[in-house]
Each structure stands twice: as C-alpha cells, then as structure tokens.
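For reference, the chains in residue letters:
Number of protein chains: 6
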Amino acid sequence: MFSFDRRLQYPVKVGSPDPIFARMLQQAIGGVEGEIRVCMQYFFQAWGARGPTTKYRDMLLHTATEEIGHIEMLATAVALNLDKAPASLAEAGAADGIVGAVMGGENPRHVVEGMLHRHILSTGMAAFPGNSEGVPFDMSHIYASGNLAADMYCNVAAESTGRVLATRLYNAAHDDGMKDMLHFMIARDTMHQQQWLAVIEELGGHEGALPIPNSFPQEKEDQTHNYDFFATASDGSVPPPARWNDGPSMDGKGQFTVFQNVPMGDEPVLGPARPDSGAQNEQIGKV
Amino acid sequence: MFSFDRRLQYPVKVGSPDPIFARMLQQAIGGVEGEIRVCMQYFFQAWGARGPTTKYRDMLLHTATEEIGHIEMLATAVALNLDKAPASLAEAGAADGIVGAVMGGENPRHVVEGMLHRHILSTGMAAFPGNSEGVPFDMSHIYASGNLAADMYCNVAAESTGRVLATRLYNAAHDDGMKDMLHFMIARDTMHQQQWLAVIEELGGHEGALPIPNSFPQEKEDQTHNYDFFATASDGSVPPPARWNDGPSMDGKGQFTVFQNVPMGDEPVLGPARPDSGAQNEQIGKV
Amino acid sequence: MFSFDRRLQYPVKVGSPDPIFARMLQQAIGGVEGEIRVCMQYFFQAWGARGPTTKYRDMLLHTATEEIGHIEMLATAVALNLDKAPASLAEAGAADGIVGAVMGGENPRHVVEGMLHRHILSTGMAAFPGNSEGVPFDMSHIYASGNLAADMYCNVAAESTGRVLATRLYNAAHDDGMKDMLHFMIARDTMHQQQWLAVIEELGGHEGALPIPNSFPQEKEDQTHNYDFFATASDGSVPPPARWNDGPSMDGKGQFTVFQNVPMGDEPVLGPARPDSGAQNEQIGKV
Amino acid sequence: MFSFDRRLQYPVKVGSPDPIFARMLQQAIGGVEGEIRVCMQYFFQAWGARGPTTKYRDMLLHTATEEIGHIEMLATAVALNLDKAPASLAEAGAADGIVGAVMGGENPRHVVEGMLHRHILSTGMAAFPGNSEGVPFDMSHIYASGNLAADMYCNVAAESTGRVLATRLYNAAHDDGMKDMLHFMIARDTMHQQQWLAVIEELGGHEGALPIPNSFPQEKEDQTHNYDFFATASDGSVPPPARWNDGPSMDGKGQFTVFQNVPMGDEPVLGPARPDSGAQNEQIGKV
Amino acid sequence: MFSFDRRLQYPVKVGSPDPIFARMLQQAIGGVEGEIRVCMQYFFQAWGARGPTTKYRDMLLHTATEEIGHIEMLATAVALNLDKAPASLAEAGAADGIVGAVMGGENPRHVVEGMLHRHILSTGMAAFPGNSEGVPFDMSHIYASGNLAADMYCNVAAESTGRVLATRLYNAAHDDGMKDMLHFMIARDTMHQQQWLAVIEELGGHEGALPIPNSFPQEKEDQTHNYDFFATASDGSVPPPARWNDGPSMDGKGQFTVFQNVPMGDEPVLGPARPDSGAQNEQIGKV
Amino acid sequence: MFSFDRRLQYPVKVGSPDPIFARMLQQAIGGVEGEIRVCMQYFFQAWGARGPTTKYRDMLLHTATEEIGHIEMLATAVALNLDKAPASLAEAGAADGIVGAVMGGENPRHVVEGMLHRHILSTGMAAFPGNSEGVPFDMSHIYASGNLAADMYCNVAAESTGRVLATRLYNAAHDDGMKDMLHFMIARDTMHQQQWLAVIEELGGHEGALPIPNSFPQEKEDQTHNYDFFATASDGSVPPPARWNDGPSMDGKGQFTVFQNVPMGDEPVLGPARPDSGAQNEQIGKV
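Order-wise, the sequence lines are chains X, U, R, D, H and A. Under full-length UniProt numbering, the first residue of the first sequence is numbered 1, with each subsequent residue one higher. Under full-length UniProt numbering, the first residue of the second sequence is numbered 1, with each subsequent residue one higher. Under full-length UniProt numbering, the first residue of the third sequence is numbered 1, with each subsequent residue one higher. Under full-length UniProt numbering, the first residue of the fourth sequence is numbered 1, with each subsequent residue one higher. Under full-length UniProt numbering, the first residue of the fifth sequence is numbered 1, with each subsequent residue one higher. Under full-length UniProt numbering, the first residue of the sixth sequence is numbered 1, with each subsequent residue one higher.
Honestly, I wouldn't trust all of these hints.
Identical chains blur together in the list; that is why a pair holds if it fits in one copy or across any two.
Capping the alpha-carbon separation at 30 Å, the derived lysine-lysine pairs in DSBU-like fashion look like this [to be verified]:
(1) LYS13 - LYS286
(2) LYS253 - LYS179
(3) LYS220 - LYS286
(4) LYS55 - LYS286
(5) LYS286 - LYS179
(6) LYS253 - LYS220
(7) LYS253 - LYS286
(8) LYS220 - LYS179
(9) LYS179 - LYS13
No lab work stands behind these hints: they were computed from the structure.
Turn these sequences into a full structure, and let the hints steer you where they fit.
What follows is the structure, given as structure tokens:
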C-alpha cells in the first residue's frame, strides 16, 4: 500500500523555460531508458519475488517507490519548461508568446510548434508517458523473469542506459535548475547501478550466480561449446586473444576458446504443403 | 556483407511433432528474450560501434552472425513440430490428422486449433516473428546506446533471460530431438553471458567501467547521495545491513549507506492554464 | 451496407497551403482524440449492440457513418495543405518549391522537410492513419464494452478530448478555409457530446444508470467503502469538503465520506520458487 | 514523493489456486480497463494540473496513489493463483503438479500450459503488465488532455469499463478469497465513478461545463448544426423522437433537431502529382 | 460523404454458434490479412489520389465502401457465434450455458473461457478490431505510397493473403451459414485480386509500369546490376536457370543474369566517439 | 548458417555529413518500406517454405542474405552522416560543433537537436531499427502466408514501395556518395521487383496462379459475383468501361461486369444481453 507527500523528492526549478528541452526530458520519462520503465520493472519484480526470504521483495519495493518520485520530478520539469513561472503569467500579453520568445522569431516558432504537437495538441502543455519522439511507452519493456540474477542484470542494464541518457541531458541543459535536478538523478543512477551489482555479489558473484539460471545443471548443456567463441567470418579469420576468447572463463568453470563455426546440421527439408492448407497447388504437389 | 550455408549450425530433429511445443518455441524466436532480439541488438551495436579500435565491432559481428543461424534453427523446429517428417507425408490420409493425433481426441483438437490460429490461419504451418502469444516482436527492444559498457550489460541481461527461457523450454520438451537442439542453445547462452561480462572486465571491471558512463566526471553528480540506499517505507524501517547498503561500493569509489527518504523539494505549483489552450475556464481563472 | 457520395459533407478549402498545419491535422485523423477512433468505436459498439431494441444500434450507425465523412474531410485537408491548388501546378518552376515558399528560406525548409519525412517519404504528400508525430493509430483505442452506459461515457470522453483538440487546431489555424472546416467539426463535436449524455439520461441518468453496470447487485459490493474518498497523503491530511467527498453521492444511493487509507491486508508471502522453474537456486532454497 | 507499507490495502487470499483465473486477472492489471491505466492516468493528470488552485492536483494524487495499491493486490492475486500456498510447497512431489491438479488430467494440462506460456516461459509464475491475452499495456491509453472536464469524463469512462470488467471477473470467480478481493475493488470503482462525476458537478454540471472546452466561445462554432442529430441512412429514414434528438439539449443551450445529412461540399480534386515525387508518370501527367 | 443501409450486403446466418470459430473470424476482421486493412487502405489511397483524372480515386471509393460492409458482416458473424439466436434466449436456464453446451463438458469449457477472455471480459460477447490472438489492428499496415502502381501491388498482396485466409476459414467452418457467407467473401476476394491487376495492365502492364516508380529515369540507377540475381551462398553455388535468373526480364528492358556477390566496398571505420557523448572513455580514446 | 565479410557489399561514402539526411535514411532501415522488412520477410518465407522442391527456399535465402548487407550499408550511412570523418575529429574545437556546422547557425541547430533526439539521446549517433519518425519497426509487417504466390505479391509490393522510397531519398540527397549508394540500391530494387514477378510467371502467370490460392476449387466460391465490380455510389452511378470492369478477366476465367451493390441480407438482430454479462439492465431486458 502506498502514500504520497505533496513535496518533491528533490527541488525542480526552471529559470528559463525551454520547450525543446521539455521534449528531450520526455525520453527520461517514457523512453526505454526512462523512469516509468525502472519504476514498473522494480514493482513487478517485487510483486512476483519468490524465495525463502522476503528481503529482495522488500529491497525492490524501496527502490520502486523512490522511482515514482522521479517520474513526478521529470513530469514537473516538463510542465515548467513548457510555461513561465506562475507569477509572470499575470503579465498580460506575454502569456501567449512564450514559445516564440524562446526561439526569438516567427518562423522558428512555427517550426517548434510543429515539433511540439503532442504537448500543444494533446496534453495542453504537460508531460505524457511517451518518449521524446512521441512514441508511447510500451510495457513489454518491463523485464521480470522470475530469476533474481537475470532480473538484476536487467536492472543494471536499465540503470546504465538510464545514466547515459541523464548525462546526455545534463550536457544538453542550459538551465541551472535543470542541471541541478539532473545532477541528483545521475547520482541516484550511480547508486542503482551499484545496488543491483551488489545483489549479484551477494548471490555468489560471477562464480556463484553464473551461468544464469544456476539451477539448471550444467551437465545437461552441450559442454563442448559452452565456453567457445564462435568465429563466423567468411574468410576464416579469428579475433586476436582477448579476455573474452582466451583464458579462464568469468565463472571459473571453463576455458574460453575460439571455434570456427561449421554446419553440424543438414539442410532442412519440410516436404510439401498439406491439401486444404491454402497453399498453391505447386506447393502441395498437385500439379 | 553476408553469405549463407544451406545447412544448419546444429541438427534440428523432431521425433514426435507437437504443435503446442511449436507455439512455445515462438517465445525463443520473437519473445523479448528471444533470438531476433539478440541478433538485431548485436548487429546494431556493431554497425554503430565507435572507438579507436574496430575490435568490438568485429566481435559483435561474429556473434550477431551466429545468431541468425539460431533464428533459423528455431524457425525450422517450429515448422517441423507443426508437421510430420516429409517421408510420412506421402502416407495419404494421415496428412490432415496431425494435430488431432497429437491431442488424441476431437474436442481437445478443436481447442488446440483455436490456440494455434496464427500458425493455421496466417502462416500455413510455419514460424513467425512473434512470441508464443502471437504478439509481434517490436524493434524498440534492440538496445544499442552508443556506450559500450552499457550495451554489454544489456547483452548480459538478454542472454540471462534468454538462457532462463531456454531451460524452461528444455524442461517442457518431451522430444529427444528438441532436447538436443536446446542443450546446444543453452550452452551458447552460457558462453554469451560470459563473453559480454568478459568485455566489461577488459574495459576495467567494476572499478574501471563504473559508473556508466565513466566519461562523465563524478564531481558533477550529487556526491551526497550517489552511494545511498534510499529507504521509502512509510514506517521508517530500513533494511538490515547487506552487500548493497553497507560497506564499500562495488566500484570502490564510495561507501554504501542507508538514507531515509525525505522531501527536499517543494510542492510544485504550475499556475493557471493559458487562454486559448483548450482548458476549462475554471483552469484559466476566467470564472 | 454502405454507399458513398463523391462530394464532401462540408466544404474543405485551403487558401494558403501550410505543410506544418497538415502535420497538425494528422492528430485529428489518427490521434487517440481523432476521427478514426470515434468512427470505428461507434461502428463496433453498433455491431455488437445487444438489447430488446435495435434503437441504439441504429443511432450508433447514423453517427459512425457520419464520422467516415469526417476522416475524409481531414484527409482531403491534409492533401491540400501539402500542395498548391491544381491550377498553379501548371506554373512550371514553382512546382518543386512549395515547402520552401511556405517557410521563406533555405534552412528552415530543410528543417521542415526533415519534420515531414513521412508525408514526403512514405505517402507522396497525402494523409496517413497516424497522429501528428507519425505514430500509427492502434485499434486498442476502440472502446466497446458491451455495456451501453459505459460505452456512452467512453464516447463522451472521446468527443470531449476531440473538441479540445479541434479548438486547439482552430486556434492554430491561419487559413480561413481551415477555420471554416474546423468551426463545422467543432459544432459536430458539441452535438456528439450532448448526444451520448442524453442517452445516459434516457437510461435513467445518474440515479438509474449508476453504478455502471447497474445489473450487478450493489449488495454484493463492499458497502463500507463504496462511497468513501480514500485519503492517501503520508501526513494524514485530508481534502477539505467538496462535492466529491462530502454530502449525498451523485446516484443518491450513498453519502460521500473521507476515509484515511490503512492497510487491511497483510504483507504477501509467496514462498520459494519451484524446482525446474528457471529461478536461481537461492530462490528455490536449494543452497 | 512516495512511500510504501508492506501490507496490502485489502486482504488477498486464494483458497484454490486457479491458473486460468490468474490469466483472467491480467485483464484487470494490464488491460485497457485495468489498474495500471487508471493509476498512471490520474498521476499524469495530477502532474500536469494547471489552474488557480491545487485542489484537483491534490485530489488526483490521493486516488492515483490508492491505485498503485490495487495493481499490487492484483499482481499478488495472480502470483497466488499460479501456485499453492507456501507451506504446501515443502511437500515434495506435488510441487510440479499444480497446474495438472487444477485441471484434473494430462491432456488439459498440456493445453493449459500452452495457454499460459507467458506466465510459465517469461515470468516464472508471476504477474506481468499486460492483458489476459498477453498484449503488453501501451501508455497511449493514458488520457490527460489538459482540460479538467474532459479528463474527468475520461476517468468516468475508465472506471465504468473497469467496474464492468471487475463484475465479470467476480461472476467468473470460484474462490471465496477472490470474490472478497473483487467485492472490495468493485466498491472502489463505484466510488471512483461517483467522484469524477461529482467534480464535473462542481465545475458547473452539464450547463456549466459543456460543451467541453467551455473556454472556446460557442459563437465561433457552426451554430446551425451544433445540436443536430445527423441522419445518414440511405433510405432517408430518421430515428423516432428520443432524448438525444428532440427537445432541449443537455446543456440547456440549444434544441436537439434531426437533420438529414447532405453533401455541402464538392468532390475534392487534388491535381497531378509533382515531378520527382516518386509517383507513376501517369499520375504526373507525363505520358 | 457516406450513408448506410440497415441490411447486410450478404446474409449472415449461424446455425450452431461456435465461440472458437468466432475467435478465428477475428483474424478476418483485425488481422493483417483482414477487412479493416483493405477498407482503410483503399480509403487512404483514394483520399490521397493525385493525377490528371479522378477515375482511380473513384474506383477506390467504390471498393473501400464495399469493404465497410464486409467488416460489418464479419462482426455480425462473430456476435452470432458467441450467442444463440435471440428467440432461444428467452428460454431461461440455458442462457448461461452456451459456451459449455458447445464444448460439451465442464473442463473444456473452462479452457475455452480462458481462451476467449477478451470476448468475455472486454467486449461482452461482441467482435473487436483485433486479430484472432487478441492483438489490436495497427494502422501502420495501411499502405498508401502515393504511387498508383505500387499501391495496386500492395492491394493484390492484401487480397491474396486475404483470400488465403478466407479459404482456411472456409475449410475450418462446420456451419452451413458460415460456409455460405465465406463463399461470398472468397468470390469478392477473387474479383479484387483481378481488379488491381487489371489496373496495372491499364497502366501499361509489366512493360509500362515497371520498374516502379516508372518516373525515375533508369539511366540514374546502377545499370550493371539492375537485372542480376545475386548469389550469396558461401560455397559459391548458384541456382540453376529459371525464369527469374535467366532470359529476358519481365519488363523487357534487361536480361536476367546470375552474379556472385562480392564486397565492392570497404570495411567501415567510424572513428572515436565524441567527448560528452555519453560513451565510455575507452571509446572516446581518453584512456 | 551464416557468415560475414567485414567489407560492405557496395561503397558507402559521405562527403558532407548531414544529420537530417541521416534521419531520412532511417525510413529505409526501419520503415515499413525498408530493408529490415524485406530481409526478415524473405527469411521467414524461406524457413517455412514447403513444397516438393527446395528451389524457392534456396532462392529466398540468397536474396534475404543479400538484404542483411543492405541494412548494414544504410546503418553505416546513418552513422557517417551523423559525424565527420575520423581524421577530422582529432581537430579539437570542432568536435562538438558538427551539427551546428551543418546547419550554419545557433537557432536551427537547436531545432535540429530537438528533431534528432533519438540519435542524440538514445543511440549516441548511430542508426536504430526504427523509421524516420522514431517509430520502432514492428514485425507484424513480415508477411509470410504459406502460399508462395501470395508471398511473391507481398514481395513485389515491398520492393515497389521500397524503390519509390529509395528514389525519393535519391532526389533528396545532396551528397555524391549518398547518391552513388542509392543508385545501387535502386537497381537492386528493380531486380527484386522483376524476380518475384518472374516467380509468379514460372508458377503459371495470371492464368495459372490466380485466383490465389489456386488450390481452392472455384466451384466453391460464389460464381455469380466473382468477377463483378461492385458499384457503391449512392447516386447509382457506375464507372465507365475500363480494363478492370469490362471484358475478360485477367485470369481468363471470367468476364468483368459492373454490379450495383444491393443488400442481399437482412438487418441483423442480436437479441438481449445475457444476465451476469456486465451489461446494463436495460440491455438485458430486466427493467
């Protein structure tokens, strides 16, 4: 069960509203690297967490709940970037001209309006749960596999691409308030990368957790090829020795080797189509 | 540029065709944990790989190319599970009765036909690029961020959920041919988990690669909260000490601490809606 | 069964073609507030209408059929905004320069071309069934629940957001022809809002139709909480009295009350994962 | 900012786990009538709420926050329906046979497994943010228009279809625990229908709030057709008098009339395609 | 502008309602081979038709309008398959047992209910605009390119897969009414295949219309490879002579030849990532 | 099984990087007319090809494999258009200013950045598998019906819209390198249009292959309407004689005729809703 505080987790201030930056922030709300994704991903992992202990469920709930507040901060930042501060709105004539003012001229404003159609046409100058190109977020990106270690790597992946995005936004930001908000969110992404990797460490690290799932007996997998780098270049060239193709494997259970890919199977032959299957007669062999 | 060999990378044999298992295999083709995903993900990472060396581009091309062959194997397995072996098809009357034979009765067959509608209605008994529920694969799942370390974690995540899926399919399989094919694919997933983690090791491991991106100066992020676990329970309870909230961080650059979440910001106030923005008069303050 | 008239329901004239406005009009074609949505929604509600009378099916067919003509008008308006009137096209050199002429310069034209890619690259200067950001319309937005009152509220919602959109387009329009077309469509949205609300009135209004579905006996629902506003603020604050939390309910069947949210349930415990389920050993309890 | 309580808002008990019912419950999680939708819809409406007062933002936050807890309850119910109570899991041999036990035989179990592929193959027996057919929830269903009255009708629509769904699930449920959970959720839907309608009443009711948006001057819309029911039957038949086509309009600002649809516009003529536009020569007029 | 007739284009009768067949019919409504697709495709092609004549616009309007009636017939067929004829519904006790009656037993009914969730949970026993697996139709499948000949081939493709689907449904149908309806729809698909091919003939046939677009001067394309079949087998084998790799081309403008694929380009080198682009230091070359 | 060559099939050179053109090229990668589509379409057609011979499977594999190389070329072209050649990157200050340099000023650059958000925010200046508007490619566009002739027409449609797109890109290109690359790809599209049409010729041409599927006996279809053009104009007007409504049909098996559409069926009547189906009482007839 949940409760809310009217105040934001961290201050969100916008000195100079910038509708283009509002649009960019959408990527951090509804992009695949964004906050809706991590929020929902951690919740669904929590709500499905099985195991002898509830500690991982509990941990996930702490962080998922934090993430709702991040969506809230970003949605607030979008709205503020699409408008002036409330006080100024009382100043009459300017109320309409904000987008124009930012861009400094008539034609660019026209262009910008075209680019901002969803904010202008559909949301009335508010954030929406889609990315910076207006593509709505799709919940198939919520990864929750039922395997705790796999889920942790999914989370590291999400927080890694998430921090990459946040630093790109930071580099693109011109406003001190936006930079301040982002420098907090970047720090949280740092922690979250750490946090999920630390769970993997707690679960045994590379040696104990791998290969994922560690509950499937490795005797059942093809042990002739489970640590082979398959080379597939048509000229038969192979990569020079590197950490990922030479020496002990990361889990300490094998030796990396380079293997030249060769067909071990045959050419598949499916045979004719069935009568009444809607194929052409030629496929059925009726001709 | 690419070329093909008519033979499969590994043998695909189906002793007893099973249309329900065909349907399950679709998840490994067009599910988010499936082979289209990793194939295309590695290709787009390769084609956009920037850096002073082409070695990572090259590595990714080797493995992406291998993965096309995995889609091929699975598509072949689906087709074979939807039909008898070619030789038997010559035996006249049986050609139609396969689905029925598998299920052993009229009513269940009817049910199964309903479940297999896409294979029956749309593909003529062949694989399609969607998951086991008929949802088409959506290319937004191809993660390629331009950051090599982030991409490697995305790949580990994909191969971890991929191997989880493959072992579930193995456990569900009744046919020796299918078990054999899957025991090879599971082994390849083992290697691919290793391979991407080894690249991260080569890039400096936890200490060198984290936080991702390592090119963003950590001085610019909020250093008061970048290694804090934020506790968000309403009763103020905090998790007991664990690897992920106590002691040195994974990257060796901080100390994990538990921090009780408190609002540092204010309640946001957006002010009235603009005239002519399509809001109600009450929002504009015109009433 | 249907028939068509070559003429439009209402005149569509474009004095000064404006490709950016064409793009904005797409939202009214293929946006979730647009005309494809209401057209198909009313059709599917009609085709599935059950009840002792066919009068609602009939009513829905009248209006759904009108809406095809609205899509037609908008698609025509898009095409006209993307080109000059046919006569002018005979004037040689200008044929290519239309987009440029509108924008008045080389660079902005380049920008506009980039923004109009789908109209230029995919449709050859015609409308398409997607929104102003190029996202194709998705038929999951066709709401037809089998409950007539619920459907009417879905329709009111569609026509309310639809009229909001149409007035925003009207405010953005510079061309008299476009303003004329939109002032007709806005009027039709006014009527359609009225129409669906009047059906609810005919079905008994708030008292008779609510709660929807009115065929589910209210004795079976939890009668201690069916008219409570649940307050979920962490500081325990509750909203001041308002129409929606104090006094008689809208359906006259209860009293609005404010209730402070408290957990009535326990912490859920799911227990360990099953063996062979692809979880980590730690989740299965095998370690 | 948000916080969580480990306990559920309302008890969720499952006496006899039923995997088919688990699947049905998914519709209430990730269907367009489900809880993710209302939760996110109310949040985005709140975060973008503009106006001279924050009371609607506040109200929306209360209810949005409640809804997170509803997703949580349903996700818990799905997980419990997919498994036995934890105590029983210690009993060895039965661990695998749950689905079979429910269905009472080998073949149906096989069928059920096929139907449950996502729960078995992808989530490890947990809920996911998709509907009962495995289609992921798509955030384009979050309606937040920037117009408060339009949004309220969107919310009424969501809670109406939501309560219809919940009563259908109640009618389909065999388990007392599930019926108890649903009888609470149905009550909450009752209140939420009331609540949003009461806001419209507070905003002036039909007379004050309509047509939406009420900030667009009705003088600007086509006043000859704004209260006409357009009849579109090819035989010229019109509906008999009813509340929606005869008498005063709902907003008291017009009279309902029936109008026989006639073309007021001309047949549109677009003229030839441009040279270099990728059309056929015949369209360009070059032949 | 459009009008409707209350009667169906062709009789739709269902002797024995079959909910599984209802589900299969959905593919013909909202599948990519279905009627919504052709209806909307022809409309958007018509509304964007450019050229010196309106005859193709007119032709497309005739057929698009016919197709609305096909969606209507199928939606009616779905509803009838989900219920008994109205008269029987008066017979009390049976009202609930229809699905059970069809399947003849308790367990299969349970299974069927699970499979039919959307019809039961979301539509109240009516058709919806999605395919037989519940995936909503997505308007990106409306192909309208602005090139008349390309569009005609898109239409032939749609009607070819459409007739394949319709014959599969015919073969799966057990009910005489359904077979009758389908035998009419199959005939219409026959005509529509013919019709679009005849337009291509009118546009010059293979010689005149190809390559599409015929307005692009062939001198500008690479004339050394425009009639070559590229062989890409890694063993260098080439296909035996066939109509598609040997002899005069279909358009009479070239000779089919087999060409062994060889790399004409170099290995691409993208160089280092930019500073501040969110890449790892190793990609930027900063290490 | 597959292998790769590090070199490109055809040279890809970019003299003047142009980020807007990069964006346009995305349509040829991940648009519905693009190369991912044809590549995957040919592969899935190949992997499901049934028939007495493997020659069509083989042919499809040759061409599908070629198409991977086309995606590679386009992805490379996108990356090069988003950056300068590597040598120049060493020149310090310019590294950041590339996008600005292309556009020649501060404001346009800002606009362009907004438009390129996905390339800047999500991919780090690389191609992605989506179209020019950022919409990800969706695999439902992979048409593989199990009917060889239907599939060939799907392929002609894909290559026709594909060549239309490629010529539009050629016309929009300013860079000689890009024009050269495209003039090769246009030539390949010419061949692929030819190739699939030649297969249909080999399968019997119009007379032998039509109607598709030719394995469904035409006696079973409604022979009174299978070569009729249905006229649906409300004024009863019919099209003048044309190849598609007059004279012998394309398959030589019928005569085109114009038929005035009339309702042959009745108005459908569905009867009341079932009790407990979640309808309103009025629909059930309980009032």
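Right, here's what the structure says about each hint:
no. : hint            : verdict
1   : LYS13 - LYS286  : between (74 Å within a copy, 27 Å between copies)
2   : LYS253 - LYS179 : between (46 Å within a copy, 23 Å between copies)
3   : LYS220 - LYS286 : between (45 Å within a copy, 18 Å between copies)
4   : LYS55 - LYS286  : between (65 Å within a copy, 17 Å between copies)
5   : LYS286 - LYS179 : between (71 Å within a copy, 24 Å between copies)
6   : LYS253 - LYS220 : within (15 Å within a copy, 40 Å between copies)
7   : LYS253 - LYS286 : between (56 Å within a copy, 20 Å between copies)
8   : LYS220 - LYS179 : between (52 Å within a copy, 9 Å between copies)
9   : LYS179 - LYS13  : within (10 Å within a copy, 38 Å between copies)
Going down the numbered hints, you'll see the structure goes against none, and every one checks out.
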